Amino acid sequence: MLSLGCDVGTMFTKTVVMDNGNVIAHDITRNNGTLKELVEASIHSAVSRAGLSLDDIKVRGGTGMGDKYIRIEHANQGIIKSLARGSFWALAGARTVVDLGGLSTTIISLNGAGKVIEYRTSDKCASGSGFFLELAAQALELTVEEMGETVVPPEECAHMSTQCAVFCESEIVSHINDGIEVKSIVGGINYSLGSGIATMINRLGAIPAILITGGVAKSRGVVCALEKHLGVEVVKSVPADHQLIAAVGAALCARDVQQS
Amino acid sequence: MIFAGCDVGSLTGEAVILEDDLILSSEIIRVRPRPEQTAREVTEKALGKIGKTLADIDYCVSTGYGREKIPFARSSISEISCHGRGAQWACPEVRTIIDIGGQDCKVIRVDKYGYMMDFVMNDKCAAGTGRFLESMAKVLGVGLEDLAPLSLCSKGRVAITKTCTVLSQIEVMYMISDGIERSDIAAGINYAMAERISKLVRRVGVKEGVAITGGVAKNFAVVNAISDVMGIKFVSLGEVDPQIVGALGSALFARERWQKAQQREAGPTGGKAAKSVRT
Amino acid sequence: MAEYSDRKDRTVTTWWQITADLAKYILSQDINHLDDWGGKEVVRDILPEVFQKNFDMIQTDLINCILEEKNKETAQNFVNNIGSYVDEMHKGLDAGNKVCYHYFIHSIEPMLALDIVPICFEVLSGLTAALYTDGCEEGIDAIEGEGYPDHLCSSNKGAAGFLLKGYLPKPDMFLKGANPCDASNRIYEWAAHKCKVPLLTTETPYYFNERAHRFMIGETRRLVANLEKIAGKKIDEGRLREYVEYGNEAVDYIVKIQELKKMVPCPDTGWHRPADTIFMCQIGTPHGAKYFRDLYGIVKKRADKGEGVVPEGKKERRLAWGYTWECFDLPFFNWLENEHGAIYTEDTLSYFPADVGKVDTTNMETMIEGLAWRSMQMPMARQTMSFSDVWINDFVHICKAFKVDALILGGHMACKHYWALNKLMSDKVKEKAGIPTLRFEFDMMDKRFTSPAELKRIMNDFFATF
Amino acid sequence: MTALEELKSLPERDKNPYIAKWKETGGRIVGYTCHYAPAEIIHAAGIFPYRMEARGCSETGLADVYYHRFNCTYSRCLLQEGLSGKYDFLDGLCFLNGCEQIRRMYEVWDKHISATDYQYMVTLPHSIYDAGFEWYLDEIMRFSEKIRSDFAPRLTAEDLARSIDIYNESKRLVADLYELRKADKVPIKGSDALRIVLAAGIMRRERFNTLLKDALNEIRKADGISDYKARVMVGGSELDNPQLFEMIEDLGAVIVTDTLCSGSRSFQDLAATPKNGNAVEAIARSYYFSNPCPRMMGHFEQRLAYTEKIAKEANVDGIILQKIVFCDNHAVDSTMLADELEPKGIPVLNLDRDHMLSDTGRLRTRIEAFIERISRR
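One line per chain: the protein sequences are F, D, H and U, in this order. Quick note: the first sequence uses my numbering, first residue 730, plus one each step. Quick note: the second sequence uses my numbering, first residue 40, plus one each step. Quick note: the third sequence uses my numbering, first residue 5, plus one each step. Quick note: the fourth sequence uses my numbering, first residue 2, plus one each step.
Treat the hints as calculated values from the structure; they're not laboratory data. Predicted model only: the values in this text are computed from it and were never measured. Accuracy of the hints is not assured; some may be wrong.
Said to hold, decoys possible - DSSO-like mimics (lysine-lysine), calculated; alpha carbons at most 30 Å apart, straight line:
1) D/177 - F/947
2) F/844 - H/434
3) D/201 - H/233
4) F/844 - H/95
5) H/266 - F/844
6) U/345 - H/169
7) D/201 - F/765
8) F/853 - H/309
9) U/112 - H/434
10) F/797 - H/200
11) U/345 - H/174
12) U/112 - F/957
13) F/957 - H/432
14) H/95 - H/266
15) U/190 - D/108
16) U/190 - H/198
17) H/74 - H/460
18) F/912 - D/151
19) H/407 - F/844
20) F/765 - D/177
21) H/407 - U/112
22) D/299 - U/310
23) H/434 - F/957
24) H/460 - D/177
25) U/87 - H/432
26) D/272 - H/169
27) D/151 - U/345
28) H/12 - F/844
29) U/112 - H/404
30) D/201 - F/912
31) F/957 - U/16
32) D/299 - U/186
Kindly produce the complete structure, drawing on both the sequences and the hints.
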């Protein structure tokens, strides 16, 4: 059975096309310009990559901050529900989901059947988000990917004292001025991000298996730092791009709704 | 005598070259990765305009974030004192200066000699700073300098409620997606900026003769909005570019310090060096 | 049509007065939504001129919310009470009586008996935030503009700003109990200093035992003596008894309403819950007693019929609010009922433990003792006075007794207490009551922090997981 | 190492040797969190009273599981130190309801830090008046009974009187230190003076007194600093790290006095020599009626007068009132103080900071500008 899921986040719009529980095509588009059109374009491109037309897909679900821009049935599946559903699809044994998104971090605790027990979303602050990483990368004149590939032992990390995304920039600049190596600064940023995420997980309890999703999950540096702070390993590989999990969840939720 | 003032901020660097009481030349550039690089480049550019080099400078004072890292500056002074001094030189009636920099907004009160009496700065975040406007312009997809003209076409400004610069960016992103006119958003941004700044200004208490300096002073929409919100009129700085006021102030301090040094060399007069400001 | 004062120092209370009359007028029409009358613009034009400006200030959603059939009766009660509250206050001001701005946890009976006009400082912020689109933001901005930090509580900031702007009657004294928090203590300190009037204080002991009660009795006596000194007369036992009896009646009904809310389905609507708290500052007045008496009647009627308040076919979900409500968007609670079938059981600011009991009116001594005990049990005073176990255990109890499905841990930005025990509370509730909790940040009286739209999104996401 | 060096270096040393030495001999250590805690009673019971601090704490990841970004960074750092085991050496803890951020830590400590399960709460009223004093006295009596029954059954009135003498001696010596700093040629940097005062909280006072006596002699002989740009007083929130003082002095000012609870305020009021053996009352009185913390209600005038007096006595050019963000008490108090002092011609800088002193570039600009403002006359 074919299904489609679309997740309009704060920074990216993600669409997946699924066939019998497998992702057969996807699209990730940065949110630039008018979301209504952008979402349509994203859905269109995913569908055409699958070699299909939208009419072929009867099951369609949407989720995310901008779900109101998704002009399909079942467009508002709720981000928590979608993430939980997608994570259970990605790893049936997942008990803790850590979604590292563009503007917020979400921790979900699941029971053995994949049902949400409780969850926490990050506070109203961009610290530790994908957005934060982008600002930091800009200040360092690196790409987010380059930052993600930098893994530095804690003792070599520069100390980052501010968690504010805006002031982080000025701290980076002053570190550069003080002649601190870019590598240690990146390490310091990853280290403090990892610490913040670990704290959030500990508020709910770090019950394994811990699955990480979302764009920031692709940053090896952040994930390594997170594991160090948490003292537990997290599950890093999933059967689809980390960023797509909520979109997959939306597709599956829509299927659940339609089947019931 | 040639005096130089050099202001290395978080977004731009400025230099002013002064001969006695006359501005010979000035320059503004975008910051380079290192403050000394910014300082050298901007000062050399300013000197180049009048066919001079760093060697011709008799005394240079640096200011701004990178002030302590400028090798050719003989001493450094905080940008707060410099803005006060520079603005008061440009317009002697000035008693309050609102300086809106890249990541700071300061309100400075000065006495009739241009000496700083009191100041406040935004403390916690970048709301109400140049950085705020810049990020907003980026989201709107326009240049920083286009925000003001764009807002003129507004038919009804929107309210930007978030204080945090990052969260405001998201708010604006969704406004654009909702199809709200960019001009209305631009007007909202300018107004939000003005409101945040006004909060700070109230803390110092507005005196007569308010001037506005820094890059944002060139955004007439923000300036008008502050006038509106606070019910005040700004005095003009004449021909002085509001963005170079900090550098101008540091050049003036350079002159003062040079004079003091001269007096010391001239012989032990006892007592303190005279505080001559304007000749 | 009534004459309204145009005195600047009655700006806020006159807003309320006009709003009350305006709401009575609208409620008397046979409509359930402003659209039934042709929409907001049309309605504005057919309103008497004296109402138009005020109509522009009021939240449109609030008008539509109170026009809903299930809310009409409670709305009538709500606006009647605002009307009498302001009338009484203005009468006292006109008579030249002394004015006391007091914190919401205080018993006002002694003030009433001494002809002092009690004005609850926090109500000035709260009710204004509840009624108007711009809430108490003007006040908040005014006080922050003076250099006072934004991390103070908006319930104090709003009123303090109004005071600064000259929108409120001149105070003769401020009264502040030492609890719940430093932030409120400091604002009262500032206000008394600014207005150059005395700051009366009462201490709250840390414990709930005989020793603490004895101490509290001493504090109440001290307070009465201080009030007497400023009022320039001795308190009359008969008059005090009269007000204490009104107070007893109000508390009695509050506890009774609370009991009814344990029923499934819940017979009480949620939109007026913040207002109930706001009106608790009227405990001791005739109109305060009337408000809770009439509210009890409305709820009881529904309870007797076994009716609930969620739309037909919706499953009732029972929420408790571990901190308290927001009041910048009362229709939000109505939306929760209609959209998610979520009803409002209890929160920190309205929960009375059943053992508050009545104040014994036998004589002066017994009344002082009773008032002392009650002031230790007032919502929020009770929870913040002692070790956090009191607060946490109250919620374990609430979650069980009210058959709560989920505890909302929406934390008020300024409340350092709450953020410090948030995790302890969620752990304990999960352990003892086995229900999930939802945590987020908001400011209870400033919608700019977390907007109504954001609140709804948070709730949508939450209920999607059920 | 001279006595002065010993005192100066103690607060920032990785390991406090006095703790280890005391522990070796089987001594007990009880920590306290607030200026209003009756340290003399702990001392008299033969216990080492340890003023808790969170110096050097640079992250709050463990604490933030329980606390939140709207709690002040001092409370979060202190909790972090507890959770990370730094205070495992304590045998007990005396909490006070000083401010709610510290007060609420009681329960988190109780439930999640098992190493110190001996905890006590002393409660302090929020205004200074007779009935309030009786409550506080009662609390202190109960505390001393508890200490007696649990740790020192033979605790006598003489023990208490002796401890009062020792603590009074510290206060006199610290007063001497502050007196010396009033001179035109300031004989010791403010940051070093702060280090000495901080050392008093983390060692037994007998030793402290001996060292300070010697150190004062060294200080008296010093040339003194005279090339400073301005004389500054520091007030505001709890400050247990000399770093901020260092920064201010690096920028050319010299700090000559303070109104900090971690500084001079803890050494202001001598406890009276007990009459009729009621030593506990003498102790309670000295704390309760001391110059109030801004958490006390209705005593702003007194704090204002005190601030002004201290500033004038030390002939300062300006006052820096630093506050930790989210500290409600000092945030309001400092703003009120500035509103009163500025018109009297005393310049005031209100400075927001975090406990762990982040964002130093912006702080420096503020401080430097303030020094430029006050230094020219």
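Find the hints from earlier in the document that the structure breaks and name them by number, from lowest to highest. 3, 4, 8, 10, 14, 16, 18, 22, 28 and 30
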